[in-house]
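K.L.:
Let the hints inform the model, and build the full structure from the sequences given.
Listed below, chain by chain, are the residues.
There are 2 protein chains.
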Amino acid sequence: MTTLAGDPLGTHRVLAPKGALPQPAERLDNDLSKVYATEIVVDVQTLNVDAASFRQMEEASGGNPDGVAALVLETVKRRGKQHNPVTGSGGMLLGVVERVGDLAAARGFVPGDRVATLISLSLTPLWLDRVLAVRPASAQLDVVGKAAVFLTAPIARIPTDMPERLVLALLDVAGAAPQVARLCGPGDSVVVLGAGGKSGLLCAAEARRRVGDTGKVIGIESFPAYADDLRALGICDHVATLDARDPLAVRDAVAPLTEGRGADLVLSCVNVPGVELAAILAARDRGKVYYFAMSTSFTAAALGAEGIGRDVDLFIGNGYAHDHAEHTLSLVRGSRPLHDLMQRRYT
Amino acid sequence: MTTLAGDPLGTHRVLAPKGALPQPAERLDNDLSKVYATEIVVDVQTLNVDAASFRQMEEASGGNPDGVAALVLETVKRRGKQHNPVTGSGGMLLGVVERVGDLAAARGFVPGDRVATLISLSLTPLWLDRVLAVRPASAQLDVVGKAAVFLTAPIARIPTDMPERLVLALLDVAGAAPQVARLCGPGDSVVVLGAGGKSGLLCAAEARRRVGDTGKVIGIESFPAYADDLRALGICDHVATLDARDPLAVRDAVAPLTEGRGADLVLSCVNVPGVELAAILAARDRGKVYYFAMSTSFTAAALGAEGIGRDVDLFIGNGYAHDHAEHTLSLVRGSRPLHDLMQRRYT
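Line by line, the protein sequences are chains A and B. When we follow UniProt numbering, the leftmost residue of the first sequence carries the number 1, and every step to the right adds one. When we follow UniProt numbering, the leftmost residue of the second sequence carries the number 1, and every step to the right adds one.
Hints are supplied without guarantee of correctness; some may be wrong.
As the list makes no split between identical chains, a pair holds if one copy fits it or if it spans any two.
[What the hints assert, rightly or not] Using 25 Å as the maximum straight-line C-alpha spacing, the simulated SDA-like pairs for lysine to any residue come out as follows: (1) Lys288 / Asp340; (2) Lys216 / Asp66; (3) Lys216 / Pro65; (4) Lys77 / Gly274; (5) Lys288 / Ala181.
Please keep in mind that the hints were generated in silico from the structure rather than gathered at the bench.
P.N.:
Rendered as structure tokens:
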């Protein structure tokens with residue numbers, strides 16, 4: 001068995017197009033019998049598919065879980081990675097370290113460690129033998145397969161004080177809460193679109209502890225059961241049961257709660273297209289709008305703000321922030337009601 | 001002739017889908033014989049098409065200007081606006097005020113004023129009688145037509161001390177320089193991808209006056225003639241002739257100029273897909289990346305940063321900022337070489 005060096009960014013796995021990095025690449029080499037010194041190889045047990053991608057595959061297969069499994073197998077066979085060709089998004093995975101390349105040894109992982117990748121499946125070389133089960137409630141698939149993790153790609157050891165599936169579900173959106181912590185402070189007003197969903201709940205909980213008693217957290221959630229869960233948590237000052245795709249309804253709900261100015265910070269956590277303008281209309285002049293959902297359209301946000309003359313800062317959600325895994329797990333550890341809701345819903 | 005009130009955001013012009021705002025709408029009512037109190041109606045003389053959109057239409061018609069004209073006429077007929085269905089982008093227009101609705105009178109415009117819209121064509125109801133000429137160098141079309149400007153949509157009176165076509169070309173990217181002014185300060189290192197193009201030149205010039213002598217402006221430009229123009233202006237400390245779609249080449253050019261750290265601020269002004277990762281790799285840890293080009297992919301940026309574990313702030317370029325028209329015109333007025341280059345190239 002020859003050991004190859006490999007590039008820290010993983011360009012050695014790119015088959016097409018030439019010169020691309022692994023994420024935008026059309027196709028990766030998923031032959032995991034090749035040994036690279038910069039890689040950690042993981043025995044994959046669970047795929048946690050990005051919510052926008054899972055929804056698209058469900059719709060494409062008429063809600064049939066077997067259809068989702070077939071689409072995942074087809075994508076992985078064709079692209080060498082679970083990179084949804086329609087949504088452009090991926091997800092992450094959970095498994096056990098099988099081997100650690102020499103140049104990756106300093107990262108401190110050893111064979112047998114239970115780990116989760118903190119990077120997108122859209123750039124992770126993946127080989128699947130088969131799909132054992134599809135769980136629509138959590139957008140997860142149980143699988144038998146292998147994956148390679150590059151030197152620059154963050155992964156995390158699974159903590160033992162929380163159920164594994166819960167950890168995986170949380171790590172998939174681990175970037176959300178740390179970004180919120182940076183973007184708001186005491187006294188701020190914060191609107192969360194899709195506040196009852198997974199990343200929405202984390203954003204609302206983080207905003208609550210940042211803005212304090214003098215600040216205001218406003219949750220917008222279209223699904224009544226999720227809105228009820230959100231109210232029961234008691235982390236929002238106001239919860240409106242509204243479809244965030246209706247920009248005028250969102251604006252009219254937020255305006256009276258912010259003295260007509262709009263919010264200091266708006267977080268869009270809705271995994272469907274068409275919420276860009278609602279987020280912009282909910283923000284105050286010179287406010288911030290942060291888009292976490294992969295279904296966000298760059299041009300709809302950019303041209304939407306311009307078209308209505310709104311001078312706001314628009315952010316693309318970065319799934320990575322320093323110490324994001326520990327930040328998010330600790331946020332959920334610190335709130336029993338949030339922990340229990342997450343566990344009930346996503347595992 | 002009945003006068004209708006109309007909505008400040010222009011929802012009264014949306015034909016499909018119901019409840020949408022004008023920008024994301026599939027189709028607008030471009031019957032400009034209808035009179036709305038919130039609208040200013042403009043006799044349109046010139047369309048300044050967004051660069052990404054113009055390039056796409058040129059490619060689709062094999063480089064034939066008549067083909068571009070036909071595509072514009074077809075889009076306007078079908079959608080009631082010049083909203084490129086492939087790129088999702090628009091541009092802006094120049095003309096003469098024909099009538100001012102009662103509720104728009106306070107904006108201070110009167111019939112006969114020469115004006116430019118500062119909003120996207122993708123949300124402007126437009127009626128075209130015909131196209132008189134297509135000018136590929138400036139991505140402009142001379143036309144006979146009419147447009148409606150909503151109450152919330154910024155427009156500007158054309159100054160008389162600069163050629164009109166130059167003003168139009170500059171206003172189309174008026175948001176760029178004011179955003180750069182906010183994002184960098186003395187001593188910062190700034191990388192501009194596509195620094196020799198229209199918005200790139202404005203960004204580089206603004207960065208130069210913000211970062212001062214202790215800062216550094218690095219221009220990346222793939223087109224040799226544009227790179228030469230940029231060098232001749234003397235606003236960059238370094239100009240590299242490179243294709244910004246090559247992330248590793250960009251990283252390797254920027255690293256030695258920033259002590260291996262990467263830049264404090266990276267501005268992406270390249271109007272082709274596939275530069276998201278290059279921009280991220282050129283930025284330092286906790287640096288800022290601002291995407292101005294409408295060809296930017298939200299998911300490529302979000303997942304790209306995550307996949308290589310880069311903790312950077314990613315911004316969607318907002319085409320609107322307060323006083324952006326005056327800011328940009330004054331930047332160009334203040335530099336004769338920049339003014340002359342812009343006039344030579346874009347008029």
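K.L.:
A separate judgement is required for each hint: does it hold in the structure or not?
P.N.:
Against the structure, the hints come out as follows:
{"no.": "1", "hint": "Lys288 / Asp340", "result": "neither (31 Å within a copy, 37 Å between copies)"}
{"no.": "2", "hint": "Lys216 / Asp66", "result": "neither (44 Å within a copy, 55 Å between copies)"}
{"no.": "3", "hint": "Lys216 / Pro65", "result": "neither (40 Å within a copy, 54 Å between copies)"}
{"no.": "4", "hint": "Lys77 / Gly274", "result": "between (31 Å within a copy, 24 Å between copies)"}
{"no.": "5", "hint": "Lys288 / Ala181", "result": "both (13 Å within a copy, 17 Å between copies)"}
Checked against the numbered hints above, the structure breaks hints 1, 2, 3 and satisfies the rest.
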